[in-house]
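With the hints as extra help, turn the sequences into a complete structure.
Protein chains: 4
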Amino acid sequence: MDLEAVKRYLEKGGETASVADGLPPRFLEPLLMSSLKVDLIQPGRILCSMKIPPRLLNAGNSLHGGATAALVDIVGSAAIPAAGHAASTTGVSVEINVSYLDAAYAHEEIEIEARALRVGKAVAVISVEFRKKKTGKIFAQGRHTKFLPTTSKM
Amino acid sequence: MDLEAVKRYLEKGGETASVADGLPPRFLEPLLMSSLKVDLIQPGRILCSMKIPPRLLNAGNSLHGGATAALVDIVGSAAIPAAGHAASTTGVSVEINVSYLDAAYAHEEIEIEARALRVGKAVAVISVEFRKKKTGKIFAQGRHTKFLPTTSKM
Amino acid sequence: MDLEAVKRYLEKGGETASVADGLPPRFLEPLLMSSLKVDLIQPGRILCSMKIPPRLLNAGNSLHGGATAALVDIVGSAAIPAAGHAASTTGVSVEINVSYLDAAYAHEEIEIEARALRVGKAVAVISVEFRKKKTGKIFAQGRHTKFLPTTSKM
Amino acid sequence: MDLEAVKRYLEKGGETASVADGLPPRFLEPLLMSSLKVDLIQPGRILCSMKIPPRLLNAGNSLHGGATAALVDIVGSAAIPAAGHAASTTGVSVEINVSYLDAAYAHEEIEIEARALRVGKAVAVISVEFRKKKTGKIFAQGRHTKFLPTTSKM
Numbered sequence: 001m002d003l004e005a006v007k008r009y010l011e012k013g014g015e016t017a018s019v020a021d022g023l024p025p026r027f028l029e030p031l032l033m034s035s036l037k038v039d040l041i042q043p044g045r046i047l048c049s050m051k052i053p054p055r056l057l058n059a060g061n062s063l064h065g066g067a068t069a070a071l072v073d074i075v076g077s078a079a080i081p082a083a084g085h086a087a088s089t090t091g092v093s094v095e096i097n098v099s100y101l102d103a104a105y106a107h108e109e110i111e112i113e114a115r116a117l118r119v120g121k122a123v124a125v126i127s128v129e130f131r132k133k134k135t136g137k138i139f140a141q142g143r144h145t146k147f148l149p150t151t152s153k154m
Numbered sequence: 001m002d003l004e005a006v007k008r009y010l011e012k013g014g015e016t017a018s019v020a021d022g023l024p025p026r027f028l029e030p031l032l033m034s035s036l037k038v039d040l041i042q043p044g045r046i047l048c049s050m051k052i053p054p055r056l057l058n059a060g061n062s063l064h065g066g067a068t069a070a071l072v073d074i075v076g077s078a079a080i081p082a083a084g085h086a087a088s089t090t091g092v093s094v095e096i097n098v099s100y101l102d103a104a105y106a107h108e109e110i111e112i113e114a115r116a117l118r119v120g121k122a123v124a125v126i127s128v129e130f131r132k133k134k135t136g137k138i139f140a141q142g143r144h145t146k147f148l149p150t151t152s153k154m
Numbered sequence: 001m002d003l004e005a006v007k008r009y010l011e012k013g014g015e016t017a018s019v020a021d022g023l024p025p026r027f028l029e030p031l032l033m034s035s036l037k038v039d040l041i042q043p044g045r046i047l048c049s050m051k052i053p054p055r056l057l058n059a060g061n062s063l064h065g066g067a068t069a070a071l072v073d074i075v076g077s078a079a080i081p082a083a084g085h086a087a088s089t090t091g092v093s094v095e096i097n098v099s100y101l102d103a104a105y106a107h108e109e110i111e112i113e114a115r116a117l118r119v120g121k122a123v124a125v126i127s128v129e130f131r132k133k134k135t136g137k138i139f140a141q142g143r144h145t146k147f148l149p150t151t152s153k154m
Numbered sequence: 001m002d003l004e005a006v007k008r009y010l011e012k013g014g015e016t017a018s019v020a021d022g023l024p025p026r027f028l029e030p031l032l033m034s035s036l037k038v039d040l041i042q043p044g045r046i047l048c049s050m051k052i053p054p055r056l057l058n059a060g061n062s063l064h065g066g067a068t069a070a071l072v073d074i075v076g077s078a079a080i081p082a083a084g085h086a087a088s089t090t091g092v093s094v095e096i097n098v099s100y101l102d103a104a105y106a107h108e109e110i111e112i113e114a115r116a117l118r119v120g121k122a123v124a125v126i127s128v129e130f131r132k133k134k135t136g137k138i139f140a141q142g143r144h145t146k147f148l149p150t151t152s153k154m
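Residue numbers (UniProt numbering), protein chains in the order written: chain A, 1 to 154; chain B, 1 to 154; chain C, 1 to 154; chain D, 1 to 154.
Some hints here could point you the wrong way.
A pair holds if it fits inside one copy or across any two, identical chains being indistinguishable in the list.
The calculated lysine-lysine pairs, modelled on DSSO-like cross-linking and capped at a C-alpha distance of 30 Å, are [to be verified]:
#: 1; residue 1: LYS51; residue 2: LYS12
#: 2; residue 1: LYS51; residue 2: LYS137
#: 3; residue 1: LYS37; residue 2: LYS134
#: 4; residue 1: LYS121; residue 2: LYS133
#: 5; residue 1: LYS51; residue 2: LYS132
#: 6; residue 1: LYS7; residue 2: LYS37
#: 7; residue 1: LYS37; residue 2: LYS133
If you're looking for bench data, these hints aren't it; they were derived computationally from the structure.
Below, the structure written as structure tokens:
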């Protein structure tokens, strides 16, 4: 691919700008969450399931790595109040990481499990694991670190 | 927040399921990329700019951490062919990480710079930095590791 | 601390240079491993234990974060042949990350568990968890990504 | 390698236990730092150099990945007081990550640059880059996140 082709690829979103511009504010979460079901919720642990919707695929027709990373953020954050943290917010993201182990395809049933490794006064760390429902095989694993502000600034 | 409230939060996407379900396949990339402009593209380096669109905000009205992570994936991947890698694909994601340093708000002009740290025969590592255009201040920094398959499987 | 004090801190190793210089080549591994015991080894899983030796402490008298990270490297690598990978080497490190959740102190008994998340033809990802033996509480969690070369170069 | 061979490898440190046990407490830092020289120190930025000593090599005779990770910890921490943070400590490690891009060999001259990306009231993030002096080529890049306690607990 030459440099011009890379530029065209990155700006191809312009073609769908009219659709994207018509979407409501804060649409990323609904886009990711409208297929999400909560199967189990316990102190410090959340188990969700999702049938991978075509809108979250990449060019290779598997779950987009950006969608996986955003789900680490969203499901990981929800584990903080689930761990009993009393704050009115779920905190501020400090770090997110994800390892991709395998591809997951359209309409596959997957499980997302968030587990609080630590929910302290100021810092929370959540592990988020993605598994294929049929085989139980882990296909991605991430961690989400958040700062839990009290009154002071980060 | 009690456990029931966490469940309601995670399943709130269901309310917008009708909008989300009507979207075309592979919609995550257009959602993120329709505001992206390529300012400069050189071997191993891509500089983009973006005016943060309201659809990519989180509940706190700043750029969603999941959007930042997905942009590390997308802009980071584009740096691989830009570094002269001849493969027909941009490879398979192995790892993505992001550190969040500050919030960026709706309509703020930001710069995203991807820089190839290594593009070898089999492994590529790209650094992706997010800066506020007005001040040049870095508000997020990430890294994207990809495996570049030839004929053999990962 | 002023800039001069930071410089003095970073160069304080010079005081012990005579001890350090007398040590044999490749001494980092013996330094970390001479307290390590393997409790269980199964395909893709290694469970070690260690009584934290004073030589691995930091200035706060808890296990040095650098020692934890180096143990992610060492114990994580050993899980690759344990997963049945036939290569003559354990591969080349691509990425290591660690989250620190709590301090562990001198003479505390700890457990280190490495679990292969993926050992493919070319890429291996190992999760490494550090727990306090007495309580079972996780005090650090990391991941180690390696490239497994065949004949081709990374 | 069969499971018994993996166990023997991990417990080989036992052979050198007598040397290791004779070392003073908190020896990991002197082991890593006795070859470190500070070339430049400015607010929020530290530039060190090191001639790779044989004691920090791995079995492949290049700088041990665990040594690199530990240096991200040590040099990264020093950048916090260098950035003007007034606390009496350099904080508590929350996360460390490193990407390995190339090997560096015994007696090679390397440069380690720590740059404060953020030093806030409670959270600091430092980028640490490892370069070969001769060519300027980056061979490892990491990030270190620390929590800076005031009076409250993490």
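Going through the hints against the structure:
1. For the identical chains of this complex, LYS51 and LYS12 are neighbours both inside a copy (27 Å) and across copies (16 Å), given an alpha-carbon limit of 30 Å.
2. Taking identical chains as interchangeable, the C-alpha atoms of LYS51 and LYS137 lie at most 30 Å apart only when both belong to the same chain, with a minimum of 16 Å there against 33 Å between chains.
3. Within a single copy, LYS37 and LYS134 get their C-alpha atoms as close as 17 Å, which meets the 30 Å cut-off; across copies the closest is 36 Å, which misses it.
4. With identical chains, the CA atoms of LYS121 and LYS133 are at most 30 Å apart between copies only, with a shortest distance of 24 Å across copies and 35 Å within one.
5. Proximity of LYS51 and LYS132 under a CA criterion of 30 Å is satisfied intra-copy only: 10 Å inside one chain copy versus 37 Å between copies.
6. Proximity of LYS7 to LYS37 under the C-alpha cut-off of 30 Å is restricted to the inter-copy arrangement: shortest distance 9 Å between copies versus 38 Å within a copy.
7. For the identical chains of this complex, LYS37 and LYS133 are intra-copy neighbours only, at 13 Å inside a copy versus 36 Å across copies, given an alpha-carbon limit of 30 Å.
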